[in-house]
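Spelled out, the chains give:
Number of protein chains: 4
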Amino acid sequence: MPTHHFQPTHYHTTLGSHEPVLRIADGDTVITTTVDAAGRDARNEQVTPGGNPQTGPFYVEGAEPGDTLVLELDRLVPNRTYGYTSTMVAPNAVEPSYVPELPWPPERDEWVLAEWYVDAGAGTATLVKPETKLGRLTLPLAPMLGCFGVAPSGGQAISTGTSAEHGGNMDYRGFTGGVTVYFPVFVPGALIFMGDGHALQGDGEIAGTGIEISFDVQFTVHLRKGKRIHWPRGENADYIFTVGNARPLDQAVQHATTEMIRWLQKDYGLDAVGANILMGQCVEYDLGNMFDPAYTMVCKLSKRILKDILNA
Amino acid sequence: MPTHHFQPTHYHTTLGSHEPVLRIADGDTVITTTVDAAGRDARNEQVTPGGNPQTGPFYVEGAEPGDTLVLELDRLVPNRTYGYTSTMVAPNAVEPSYVPELPWPPERDEWVLAEWYVDAGAGTATLVKPETKLGRLTLPLAPMLGCFGVAPSGGQAISTGTSAEHGGNMDYRGFTGGVTVYFPVFVPGALIFMGDGHALQGDGEIAGTGIEISFDVQFTVHLRKGKRIHWPRGENADYIFTVGNARPLDQAVQHATTEMIRWLQKDYGLDAVGANILMGQCVEYDLGNMFDPAYTMVCKLSKRILKDILNA
Amino acid sequence: MPTHHFQPTHYHTTLGSHEPVLRIADGDTVITTTVDAAGRDARNEQVTPGGNPQTGPFYVEGAEPGDTLVLELDRLVPNRTYGYTSTMVAPNAVEPSYVPELPWPPERDEWVLAEWYVDAGAGTATLVKPETKLGRLTLPLAPMLGCFGVAPSGGQAISTGTSAEHGGNMDYRGFTGGVTVYFPVFVPGALIFMGDGHALQGDGEIAGTGIEISFDVQFTVHLRKGKRIHWPRGENADYIFTVGNARPLDQAVQHATTEMIRWLQKDYGLDAVGANILMGQCVEYDLGNMFDPAYTMVCKLSKRILKDILNA
Amino acid sequence: MPTHHFQPTHYHTTLGSHEPVLRIADGDTVITTTVDAAGRDARNEQVTPGGNPQTGPFYVEGAEPGDTLVLELDRLVPNRTYGYTSTMVAPNAVEPSYVPELPWPPERDEWVLAEWYVDAGAGTATLVKPETKLGRLTLPLAPMLGCFGVAPSGGQAISTGTSAEHGGNMDYRGFTGGVTVYFPVFVPGALIFMGDGHALQGDGEIAGTGIEISFDVQFTVHLRKGKRIHWPRGENADYIFTVGNARPLDQAVQHATTEMIRWLQKDYGLDAVGANILMGQCVEYDLGNMFDPAYTMVCKLSKRILKDILNA
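Protein chains in written order, with our numbering: chain A, 1 to 312; chain B, 1 to 312; chain C, 1 to 312; chain D, 1 to 312.
Think of the hints as simulated: they come from the structure by calculation, not from any bench. Cβ atoms here follow ideal geometry from the backbone N, Cα and C, with glycine treated the same way. Take the hints with a grain of salt, since some may be wrong.
What the hints assert, rightly or not - Pair ranges (Cβ atoms, derived): (1) GLY154(A) with PRO188(D): 23 to 29 Å; (2) GLY155(D) with SER153(C): 51 to 57 Å; (3) GLU19(A) with SER97(C): 31 to 37 Å; (4) GLU115(A) with GLY226(D): 33 to 39 Å; (5) LYS266(A) with PRO105(D): 21 to 27 Å.
What the hints assert, rightly or not - Lysine-lysine pairs mimicking DSS-like chemistry, simulated, CA-CA at most 25 Å apart: (6) LYS266(B) with LYS307(B); (7) LYS133(B) with LYS303(A); (8) LYS129(C) with LYS303(D).
Said to hold, decoys possible - Reference excerpt, derived from the structure (chain D facing chain B, CB under 8 Å, subset only): (9) PRO91; (10) ASN92; (11) PRO96; (12) SER97; (13) VAL99; (14) PRO100; (15) TRP104; (16) ARG108; (17) PRO248.
Let's have the full structure, built from the sequences with the hints guiding it.
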């Protein structure tokens with residue numbers, strides 16, 4: 001299958017039906033780069049305005065509404081050493097009466113950054129500043145894509161600050177290299193976008209950032225013609241998972257749970273009662289983000305359990 | 001330290017300032033039993049009405065409002081082979097428009113049960129009925145307490161169907177044997193209650209049950225005099241964690257997150273900026289339950305990371 | 001029918017199965033008083049600790065679980081001139097990032113009060129202090145009960161700071177004199193509680209107070225034997241209404257809406273489609289409170305429209 | 001000032017930076033029409049696909065980001081006799097366990113309509129079918145715009161199915177003829193859109209429709225240069241009001257409340273404490289819709305009270 005090397009020259013801060021930058025086919029691989037959330041590239045130079053600017057869109061030949069796009073995140077690697085995070089948990093992640101206790105900057109609408117030294121070779125990120133009791137806190141890298149997806153339906157152009165059925169700014173730490181993601185296709189060509197790489201991130205992205213950084217990215221696409229799904233799905237070595245994006249978190253759980261029940265019944269052949277019993281005792285949930293206008297919850301099932309069931 | 005063997009003769013379906021069944025001291029250990037959520041004991045006989053009936057309350061000598069109760073869950077073991085779960089995910093856990101698709105029983109207010117054979121020796125639970133595509137699904141046991149805590153403040157008697165600052169029906173699968181839980185003390189003697197054992201449970205208790213079963217329980221208490229906390233806290237081998245109980249999930253996250261920031265600053269000596277940076281990149285969340293009137297979210301931090309910080 | 005004059009000597013800060021202070025019968029009228037939310041009486045003297053202390057409970061002969069209690073609020077009149085409110089909107093009623101902009105007192109856990117002169121004869125409340133750009137703002141009285149209801153089920157004792165199916169701290173400005181309120185009966189005698197009078201209040205009680213004041217109260221009770229309702233209902237000259245108490249507001253709306261649909265179908269004889277069409281185009285909602293642990297939303301239908309339908 | 005007569009030839013189902021259909025100036029009046037939510041015009045002919053198609057956008061000369069657009073809704077009149085509503089309350093507006101009790105059509109994804117005869121001269125709407133216990137229910141008209149607003153920021157094209165800071169599908173029954181609405185300007189020319197007329201509607205648009213109908217519309221625009229607001233505002237004869245669009249309702253209240261406090265302090269010259277005291281006792285809230293992806297709550301203050309304060 002062909003491998004495309006694509007060097008972006010411009011970026012988008014909405015996911016919409018924008019002019020494709022490259023046309024690719026089922027089975028193709030793309031090697032490209034993403035800038036950080038602030039629009040800075042591998043040299044840490046500002047090449048586009050901030051706000052999770054996206055590389056793409058990539059047009060997948062033959063993709064039509066009602067299909068499923070299979071996106072294999074082959075490789076996600078920070079391509080510079082400078083990363084940054086915020087220094088304050090978001091006000092919506094703490095009790096309302098605690099908000100004034102947060103370490104607000106002197107001017108409340110300022111944005112004070114912490115800086116991290118990211119060593120992709122060593123696989124670590126080290127806090128460089130500010131000086132705190134954390135010292136030179138060093139954490140293992142867990143690179144992930146914060147914002148990616150496909151063009152939404154109906155001529156919408158949805159901000160890279162939020163998310164919905166088409167993906168977008170889900171900020172889920174499970175979107176690492178090696179993961180396969182499934183998106184509903186809403187427009188011809190699907191139109192793949194990606195950006196907002198994080199060297200690592202806590203659950204919930206409750207400070208509004210992971211360690212924000214530019215990425216080298218490699219991905220491979222496949223098409224499932226005529227396969228209709230409602231919300232993003234994914235799988236890694238251990239789990240299949242579904243993604244719900246909405247507020248409040250309860251509604252995100254509802255979307256993810258419903259999509260998983262559908263998956264179990266339509267694709268794994270479970271009866272309704274079986275699917276419900278299984279979900280009740282075996283489901284796991286991850287919190288993607290609780291920062292963006294739409295929050296993200298992920299519903300997971302162990303592949304080992306599913307394999308046992310199918311083999312029985 | 002003394003070990004008390006206590007055989008309950010009656011149970012409570014509220015956590016409140018009820019007459020103590022036993023007075024114990026800082027350092028004491030209690031060996032006792034709990035009935036299942038439906039009020040059935042180790043012989044699977046109905047000994048009290050259902051609704052998460054609680055063993056206790058145990059009065060801890062010297063405990064006063066403003067103290068912290070340390071509750072070590074030494075041992076939680078199912079003491080019979082019969083367990084049950086529901087066969088339908090709760091309507092509030094799926095999209096509202098999907099609710100009619102759930103496998104409702106013919107009479108909608110019925111409650112159809114699945115039965116499990118629980119083998120504590122083998123460490124497994126096996127689905128016995130109904131017949132579904134799951135067959136004889138066998139899962140590893142992970143026994144946990146669904147509902148436990150202390151008496152709340154102000155003369156309240158809070159239903160064992162819900163939860164708040166005092167604990168209660170949190171249905172968090174992390175409350176396993178070996179875990180230490182910290183509760184704020186609201187009344188003299190703290191008044192410890194426990195019940196609603198689950199042989200295992202999925203995140204969110206989205207079917208409204210774990211595998212419901214009676215337990216043999218051993219726990220040990222300690223007191224932290226004059227140590228004031230706001231929400232339940234806990235720790236296991238790998239994590240410290242805080243628990244928020246509220247609706248929607250967002251508010252449960254807010255309570256748990258705020259309590260963790262307080263913990264980091266007051267007990268681990270972190271400055272506010274350090275605590276906020278750490279939370280942003282290292283926090284993890286678990287979903288306790290999304291079934292009860294109050295939902296439960298758990299905020300976790302890795303003890304290894306904290307150890308690295310304190311040693312640096 | 002007898003009229004009872006009852007002078008309270010003690011108060012409760014939970015609604016629960018407490019010892020009745022008076023036994024009354026279907027059709028009886030009670031004339032009594034309530035203290036303000038802080039426990040101060042008509043002379044503005046502290047007679048009991050604060051926290052919406054309740055007069056009662058009144059035991060209604062013959063009331064049993066499954067009945068409906070009819071509570072006519074005949075007369076609610078402030079019985080002193082001193083009223084108070086808070087001076088800050090609650091943090092949960094504004095955007096999280098706006099919370100630090102609120103007029104916090106120097107010590108954040110202080111509670112700064114505004115004082116009002118309440119003239120029941122003139123029917124006005126006048127702001128006395130602090131000095132603000134509002135000057136001597138004078139508002140028309142609209143006296144209402146903030147917290148009242150019946151004892152809840154299952155031996156619960158629910159704080160007067162919150163609300164549920166049994167009523168409680170609903171803080172709805174529609175609970176004025178002349179209104180009839182219907183409560184489900186959960187315990188023998190129903191056990192009526194009342195307190196927390198407000199000389200007037202904004203929607204949502206977003207500052208956490210109305211103009212808090214002590215009341216002279218007159219009410220009359222009736223019983224509807226065997227009539228089962230799920231949530232508080234009410235009616236005034238113009239509307240029938242139902243009350244949902246929960247968080248978030250969405251869930252409060254769900255309870256109130258569901259109860260109204262039931263009411264229309266069971267008591268007004270509407271078919272399901274008719275009830276649904278009517279609700280869709282004619283329903284109105286009021287916001288009771290968005291301050292307490294459980295929020296309150298009220299679902300209303302015009303009695304004139306209902307009369308037209310029934311007469312057609 | 002000029003009056004423009006504009007006959008639309010195409011429609012939009014997103015609010016975005018689309019090609020203007022007409023350029024108008026501060027003070028200009030436009031007389032035009034809107035199709036109904038399903039894309040049907042005054043002759044009840046399908047002229048465009050459904051989904052709240054919008055007339056416009058109208059480009060206001062001189063409008064720039066950071067300005068406020070003043071939109072006077074001079075006249076909103078149904079221009080045909082056929083109106084329709086749904087026959088079922090939306091699943092998200094009732095308790096989850098009640099959802100199966102709703103009058104679902106035989107095929108659950110069908111959409112069964114009720115038909116109304118709208119007599120603009122008589123000022124009434126009469127239910128024509130289906131046959132229900134409502135008979136020929138006749139209601140007074142209260143025509144209002146369901147979906148209107150300006151183009152959002154950042155190149156977004158936001159579906160006419162939802163709402164945000166730019167307006168959109170707010171479905172608030174207060175947007176009647178005679179009301180003045182203020183929108184933040186996000187793009188040059190502001191770009192005004194409007195559609196989705198309702199002959200009348202209940203609070204919350206809980207059935208997902210008002211009485212859907214095509215409109216004759218007249219509006220007049222003004223500009224407030226350099227006047228920055230955050231959320232839509234409005235005023236009628238009796239109230240000033242602010243509009244918050246978000247989920248859950250709690251967050252919509254937060255936006256509306258915060259915007260009102262800003263308004264009182266910046267434009268009415270109130271001090272923070274004064275504004276907070278006033279809000280606490282005098283605020284009113286309306287429920288716009290609880291159906292769309294973003295819900296709408298409206299915060300209101302009486303103009304008479306404000307006048308008294310300003311004159312004092």
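Would you settle whether the hint for VAL99(D) is holds or violated, based on the nearest Cβ-Cβ distance to chain B being less than 8 Å?
Hint holds; VAL99(D) Cβ to chain B Cβ min 4 Å, cut 8 Å.
State, for the Cβ atoms of GLU19(A) and SER97(C), whether the hinted interval 31 to 37 Å holds or is violated.
holds, 36 Å
Measure nothing beyond the straight line between the CA atoms of LYS129(C) and LYS303(D); if it is 25 Å or shorter, mark the hint as holding.
holds, 23 Å
Tell me if the interface restraint on TRP104(D) is satisfied: Cβ within less than 8 Å of some Cβ in chain B.
holds, 6 Å
Falls inside 23 to 29 Å, the C-beta gap from GLY154(A) to PRO188(D)?
Holds: the Cβ-Cβ distance is about 24 Å, inside 23 to 29 Å.
Regarding LYS266(A) and PRO105(D), is the given constraint of 21 to 27 Å on their beta-carbon distance met?
Hint holds: Cβ distance 23 Å, inside 21 to 27 Å.
Taking the closest Cβ pair, is SER97(D) under 8 Å from chain B?
The hint holds - SER97(D) has a Cβ within 8 Å of chain B, the shortest such distance being about 5 Å.
Return the status of the interface hint for PRO248(D): holds when the least beta-carbon distance to chain B is below 8 Å, violated otherwise.
holds, 7 Å
Hold the hint about ARG108(D) up to the distance rule: shortest CB distance to chain B must be less than 8 Å.
holds, 6 Å
Status of the PRO91(D) interface restraint (C-beta, 8 Å, chain B):
The hint holds - PRO91(D) has a Cβ within 8 Å of chain B, the shortest such distance being about 3 Å.
If you draw a straight line from the CA of LYS133(B) to the CA of LYS303(A), is it 25 Å or shorter?
OK: LYS133(B) and LYS303(A) at ~16 Å, within 25 Å.
Taking the Cβ atom of GLY155(D) and the Cβ atom of SER153(C), is their distance within the range 51 to 57 Å?
holds, 55 Å
This entry satisfies every hint, going by the numbered hints stated previously.
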